[in-house]
Amino acid sequence: MTATLSFEWLKLSRRWMPRVLLVMLIGMLVFYFWGQGTRLEERVNMFFPRAWLATLFFSSFCAPFFWPVLGGSWAGNEYGWGTIRMILTRRPYRIQHVLAALVVLCAALVVALFCMLIVGSAAGVVIGAATGHAAITSGVLTSSFLNTTIKTFAAAWYVAVFYLVLGYAAAVVFRSAAVGIGVGIGSTLAQFVLYAVLRDMGGVWQTIAQHFPIIYTESIVQDIAARGFAAGTGLDRINPGDPSISSSVAAITIFTAVALAAALLSARIRDVTE
Amino acid sequence: MTMTAASAELQSSAQPEVRPAKGIALKAGPPAGSGGPAIETRQLTKRYGDVLAVDRLDLRVETGEIFGFLGPNGAGKTTTMRMLLGLIRPTSGEAMVLGRSIEADLPAILRSTGCIIENPTFYPYLSGRDNLRAAARLSGVSEDVVARTLDLVDLTDAAGKRFKTYSLGMKQRLAVGAALLHGPDLLILDEPANGLDPAGIVEMRQLMKRLKGEGHTVLISSHVLHEIEQICDRIAILNRGRIVIQGRVGELLRTGARLELRVADSDRALRVLEAAQWIGPVECEGDRLLVAVPLERAADVNALLAWSGLYAHGIAAQEESLERYFLEVTGGNGR
Numbered sequence: 001m002t003a004t005l006s007f008e009w010l011k012l013s014r015r016w017m018p019r020v021l022l023v024m025l026i027g028m029l030v031f032y033f034w035g036q037g038t039r040l041e042e043r044v045n046m047f048f049p050r051a052w053l054a055t056l057f058f059s060s061f062c063a064p065f066f067w068p069v070l071g072g073s074w075a076g077n078e079y080g081w082g083t084i085r086m087i088l089t090r091r092p093y094r095i096q097h098v099l100a101a102l103v104v105l106c107a108a109l110v111v112a113l114f115c116m117l118i119v120g121s122a123a124g125v126v127i128g129a130a131t132g133h134a135a136i137t138s139g140v141l142t143s144s145f146l147n148t149t150i151k152t153f154a155a156a157w158y159v160a161v162f163y164l165v166l167g168y169a170a171a172v173v174f175r176s177a178a179v180g181i182g183v184g185i186g187s188t189l190a191q192f193v194l195y196a197v198l199r200d201m202g203g204v205w206q207t208i209a210q211h212f213p214i215i216y217t218e219s220i221v222q223d224i225a226a227r228g229f230a231a232g233t234g235l236d237r238i239n240p241g242d243p244s245i246s247s248s249v250a251a252i253t254i255f256t257a258v259a260l261a262a263a264l265l266s267a268r269i270r271d272v273t274e
Numbered sequence: 001m002t003m004t005a006a007s008a009e010l011q012s013s014a015q016p017e018v019r020p021a022k023g024i025a026l027k028a029g030p031p032a033g034s035g036g037p038a039i040e041t042r043q044l045t046k047r048y049g050d051v052l053a054v055d056r057l058d059l060r061v062e063t064g065e066i067f068g069f070l071g072p073n074g075a076g077k078t079t080t081m082r083m084l085l086g087l088i089r090p091t092s093g094e095a096m097v098l099g100r101s102i103e104a105d106l107p108a109i110l111r112s113t114g115c116i117i118e119n120p121t122f123y124p125y126l127s128g129r130d131n132l133r134a135a136a137r138l139s140g141v142s143e144d145v146v147a148r149t150l151d152l153v154d155l156t157d158a159a160g161k162r163f164k165t166y167s168l169g170m171k172q173r174l175a176v177g178a179a180l181l182h183g184p185d186l187l188i189l190d191e192p193a194n195g196l197d198p199a200g201i202v203e204m205r206q207l208m209k210r211l212k213g214e215g216h217t218v219l220i221s222s223h224v225l226h227e228i229e230q231i232c233d234r235i236a237i238l239n240r241g242r243i244v245i246q247g248r249v250g251e252l253l254r255t256g257a258r259l260e261l262r263v264a265d266s267d268r269a270l271r272v273l274e275a276a277q278w279i280g281p282v283e284c285e286g287d288r289l290l291v292a293v294p295l296e297r298a299a300d301v302n303a304l305l306a307w308s309g310l311y312a313h314g315i316a317a318q319e320e321s322l323e324r325y326f327l328e329v330t331g332g333n334g335r
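Which chain is which? The protein sequence lines are A and B, in order. Residues 1 to 274 in this note's numbering are what the first sequence lists, from first letter to last. Residues 1 to 335 in this note's numbering are what the second sequence lists, from first letter to last.
Hints are computed from structural coordinates only; laboratory data are not their basis. You may find that some hints are simply not true.
Lysine to any residue pairs mimicking SDA-like chemistry, simulated, CA-CA at most 25 Å apart [what the hints assert, rightly or not]:
hint, chain 1, residue 1, chain 2, residue 2
1, B, Lys164, A, Ser6
2, B, Lys164, B, Asp197
3, B, Lys164, A, Met17
4, B, Lys209, B, Pro198
5, B, Lys161, A, Gly80
6, B, Lys164, A, Ala178
7, A, Lys151, A, Asn239
Make a model of the complete structure from these sequences and hints.
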């Protein structure tokens with residue numbers, strides 16, 4: 001496993017695509033802070049250290065559109081470039097290969113979130129200073145707040161992992177980067193549309209819609225972070241219809257496990273004809 | 001390329017804990033499973049739905065030989081090679097590589113096997129050096145061998161360039177280097193001369209011979225029949241998933257050799273030769289007769305004609321070329 005992890009790390013350390021994704025995400029984060037900083041009601045949540053929570057909240061909002069690109073292209077390009085042959089004719093441990101790739105990519109998500117937190121912190125300080133407030137909001141940095149921040153970080157990472165695995169699995173099953181990315185992002189867009197349709201139909205359809213992955217991934221970070229945002233702002237509200245945090249964790253775990261199982265099964269049993 | 005000259009230099013670099021091997025393999029000791037065939041398949045079959053890609057293949061590649069795998073496109077060569085490397089699972093039958101079953105001992109087989117399957121496959125965003133480093137990590141060998149491997153395939157100057165900027169010949173050379181990186185006993189090479197210039201093809205030929213001299217076994221498929229004819233000890237010709245013929249190159253070509261005679265009265269000579277039961281089909285083109293007969297019986301043919309009062313004013317052996325032989329046994333299907 002160490003050799004495979006080391007191999008995946010070498011690839012990650014040389015590839016520009018993840019860095020480009022991160023730069024785009026950070027660019028959007030800056031715009032988010034800029035936009036929210038002009039809104040009186042939400043501005044207080046953009047100041048440091050609440051900027052951490054705002055950053056993680058924003059990252060989970062973007063997760064369905066960014067991380068399937070990483071997962072889908074990572075797995076799909078192995079088939080597109082034919083490098084899957086290079087891998088499996090040296091180490092024929094197919095399950096190990098999938099798991100090693102995902103471990104390295106999940107570690108990369110941690111790094112990406114930390115990078116976003118650094119930029120978010122800087123943006124928070126700048127907004128505070130630019131609007132005549134203290135660079136660091138006093139009285140916020142309590143142990144309770146740090147606890148909430150750590151939980152929010154874990155939740156944001158978990159949501160990112162789900163979308164990464166979703167794109168990765170689709171790419172392995174269909175052996176295509178484009179399909180992996182398309183399924184990863186497309187399924188989220190489809191859920192938005194379907195959710196609206198099924199909700200209006202009511203009854204059992206509405207119940208089904210309330211168990212879509214997007215419902216859990218949208219609510220979990222929001223509901224955890226809400227405890228750390230300033231009272232009376234938009235971000236501190238918890239929608240009474242949201243699933244509980246434990247339900248969200250369980251649901252995301254199940255959805256991730258299903259996607260992972262599909263990837264492992266496909267990688268294990270199918271012939272490599274690329 | 002300086003492949004042949006530098007190959008032995010790699011010997012000292014392999015990690016000894018991986019497995020004892022030899023030669024370019026950079027290691028010393030007998031190849032795994034030595035004593036038996038390097039590759040042996042029994043009734044190996046691969047079916048995709050209604051399509052029978054490989055049909056009850058019985059192949060035997062002896063240890064230490066260069067074995068040519070020929071066949072028209074779609075004959076099943078690459079599918080067979082993929083099965084030997086565990087990329088494709090056989091529908092039925094069995095295959096032993098280096099004395100081990102591909103079902104049970106694939107990891108051990110792959111530690112002793114280098115391969116190029118179809119086109120060279122590497123990461124386009126990585127440099128040649130990093131691609132070899134990646135391959136070394138996967139193979140569990142020290143990255144120390146990378147520099148010498150780059151030198152071996154004459155890519156040291158281009159080592160820092162991204163793979164996607166390489167020419168086809170450079171890509172092919174990198175693939176050869178990657179195949180040799182971990183010091184394999186067996187090489188499975190699918191069209192390794194693709195994209196090489198004439199000098200590169202000559203060096204590839206020399207490398208194959210050198211590897212054979214060091215005791216390596218090479219299974220090679222190629223469309224460059226002239227090359228196969230020059231370097232292979234034995235060949236198998238596949239058509240529609242089945243082995244049409246398998247044997248030593250020289251013997252196979254001799255079976256197709258003919259005697260060319262020039263006789264003034266060719267019509268009468270034709271009748272005389274056709275009456276002899278030990279002589280095969282005879283073709284007549286003007287005063288030229290092409291006689292299907294073992295070449296060592298040329299004197300008997302000449303004597304037969306002389307007994308009939310016919311005297312040949314020209315006798316020559318017409319050697320069969322592998323290309324013509326290939327076209328004959330594949331029914332002209334080999335393109």
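Going down the list of hints, with the structure as the test:
{"no.": "1", "hint": "B:Lys164 x A:Ser6", "verdict": "23 Å, holds"}
{"no.": "2", "hint": "B:Lys164 x B:Asp197", "verdict": "19 Å, holds"}
{"no.": "3", "hint": "B:Lys164 x A:Met17", "verdict": "16 Å, holds"}
{"no.": "4", "hint": "B:Lys209 x B:Pro198", "verdict": "17 Å, holds"}
{"no.": "5", "hint": "B:Lys161 x A:Gly80", "verdict": "21 Å, holds"}
{"no.": "6", "hint": "B:Lys164 x A:Ala178", "verdict": "20 Å, holds"}
{"no.": "7", "hint": "A:Lys151 x A:Asn239", "verdict": "19 Å, holds"}
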